[in-house]
Amino acid sequence: MIRFDNVTKTYKGTVAALSDISIEIAKGDFVFLVGPSGSGKTTFLRLLLREELPDTGQIWVAGRDIGALTQGRVPYLRRNLGCVFQDFRLLPNKTVAENVAFVLEVIGRSRNVVRSQVSQVLDLVGLGQKAGRLPGELSGGEQQRVAIARAFVNRPLVLLADEPTGNLDPATSQGIMNLLDRINRTGTTIVMATHDVGIVDTMRRRVIELEHGHLVRDQARGVYGVNDQGASTTRGIPAVALRPIGESADDDVEFEQAAQVRGRRGQR
Amino acid sequence: MAISFEYVAKETASNLWRNRVMAIAAILTVAVSLSLVGTALLLRQAVSRQIGQWSNNVSLQIFLQPDITKPQLQAVNQRIDQLKGSFIRRCTYLDHQQSYQQMRQLFAGEPSVLGVLTPATTPPVFSCQLVNPNEAKTVADSFDSNVPGIYKATFPGQSVKILQQVTNVLQLILLVIAIVLLVSSLVLILNAIRMAIFARRREVSVMKLVGATNWFIRVPFMLEGLVQGLLGGVVAVGIVALSNIGVNSLITHYDVKVLSSSSLPTGQLVLTEVLVLIVGAFIGMVGSSLAVRQFLEV
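Protein sequence lines, in the order shown, are assigned to chains A and B. Using this note's numbering, the first residue of the first sequence is number 130, and each one after it goes up by one. Using this note's numbering, the first residue of the second sequence is number 228, and each one after it goes up by one.
To be clear, the hints were calculated from the coordinates, so they are not data collected in a lab. There could be a bad hint or two in this list.
[As the list claims (entries may be wrong)] Reference excerpt, derived from the structure (chain B facing chain A, CB under 8 Å, subset only): (1) Q305; (2) Q309; (3) G312; (4) V437; (5) A439.
Cβ coordinates follow ideal geometry from the N, Cα and C atoms, glycine included.
Working from the sequences, and respecting the hints, build out all of it.
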């Protein structure tokens, strides 16, 4: 679904935001992108959206080299990528339903499609009753649900989430994660950048860790701050504190298996 | 992808409404500048038409002595016939009575002149059209008062030239002001669209994110500029039409016969108005395109 081939991106006058990243994310994967601020997570997502182009290397989304797309084709790439942000980015003067419908309207869907899809996706995120409210009248968690509904209403192949729980309390965050998990189970690939230790540790999904633009870890069922050798990669937080009690360090085996599965998928 | 007309119309209308103060400023500036353009064009046409009329009708007037004798008249007539074709196109002879009637019309507002005029004292006159009005002086010289029976030959050359120069200068001033105003209205439209883009930056960023095509994002803004330019044009059309009617009714009211042919035929007026509208639309289009190109990073 997503493949980075030796991708390097440098911003003017700084160290590399991403350096020589090669990675493959299969269809249906749920991937946590972790790492300290400035490690390149956001650059990773921006490159996927083709808001920027890599200096070297290629990025493939759904079998297409997105660096080779003409400017006019970029919107069609983005229709396959849903986006959720820490700050929700809802339109404050539109109701919940209008915010979701807006997506379909601007890509030219017919009014019937818009109406049925919007109510369907609002029911999915549990906001069917609040379709007529303005974002300002909703709680943070509800606003993020609207944002997820908006990102998902067009049934994208990939959902990109940049710290979607960054502004939410743990209980609300859990609700959001359950929702993302449900969406993932429909076959939608999810790439989520996060700092949220608790979430990564409870979900036990694939973890890709970046540091200073380098890929330092790719673990099939990872936790937040522990690499394959069991050493903490997150400065200042001891690994022991992060590892859920009762979990053994058998990640290596699982990683191997997952890598094989991904390899097979890639060949197909 | 087809852009739905309904969406574009809705977006453009709501943009204009949200940004109405800027929009009105832009529209009024366009209107004022286009009114000047339209007026300058009409003035030009009216003056050239009037001058054409004068120079066609009375390139040369040969006033005869009131007491001219028959042989003298025939001699003058022969002289005219000799120049016919090469210099003179056609001459009309007005005898005492006809000349008197014409004078009464020309000096309708001046009873002091009319008081002294009688048919007997009014000189008969040959009103001639020249092949080339520029040769008026040469032709007039061959009909000077040395020829028996001729009182005086006059041509309107001098006054027409002055009139032409004055209107040329006036026109130039009007056009310069109009161009300055047109540029400023273009900048105003550009700025209005820039504000509209800024006011809608959230929508625009969401649209970009979810894959709206570039044209889908651009078109409402460009249309907004076009509408502003066009509305300015419409107001200007009204102003130009009104001023045209105003000038015409002034001419009719004061019965200014010499200017009677200044009023333009409807065809010419309509053509000018259409031009004004096109310039308005063009200004709006260019202004908004520049704004979209510069400030809408899609």
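(message) Hint validation: Q305(B) versus chain A, beta carbon distance must be below 8 Å. Holds or violated?
(response) Result: violated, 83 Å to nearest chain A Cβ.
(request) Grab the minimum C-beta distance from V437(B) to chain A and call the hint holds if it beats 8 Å, violated otherwise. (result) holds (5 Å)
(message) Does Q309(B) hold up as a contact with chain A if the rule is Cβ-Cβ below 8 Å?
(response) violated (78 Å)
(request) Identify whether the interface hint at G312(B) stands, where standing means a beta carbon of chain A within less than 8 Å of its own. (result) Check failed: Cβ of G312(B) comes no nearer than 70 Å to chain A, outside 8 Å.
(request) With a cut-off of 8 Å on the beta carbons, see whether A439(B) makes it to chain A. (result) holds (4 Å)
Hint compliance for this structure: hints 1, 2, 3 are not met, and every other hint is.
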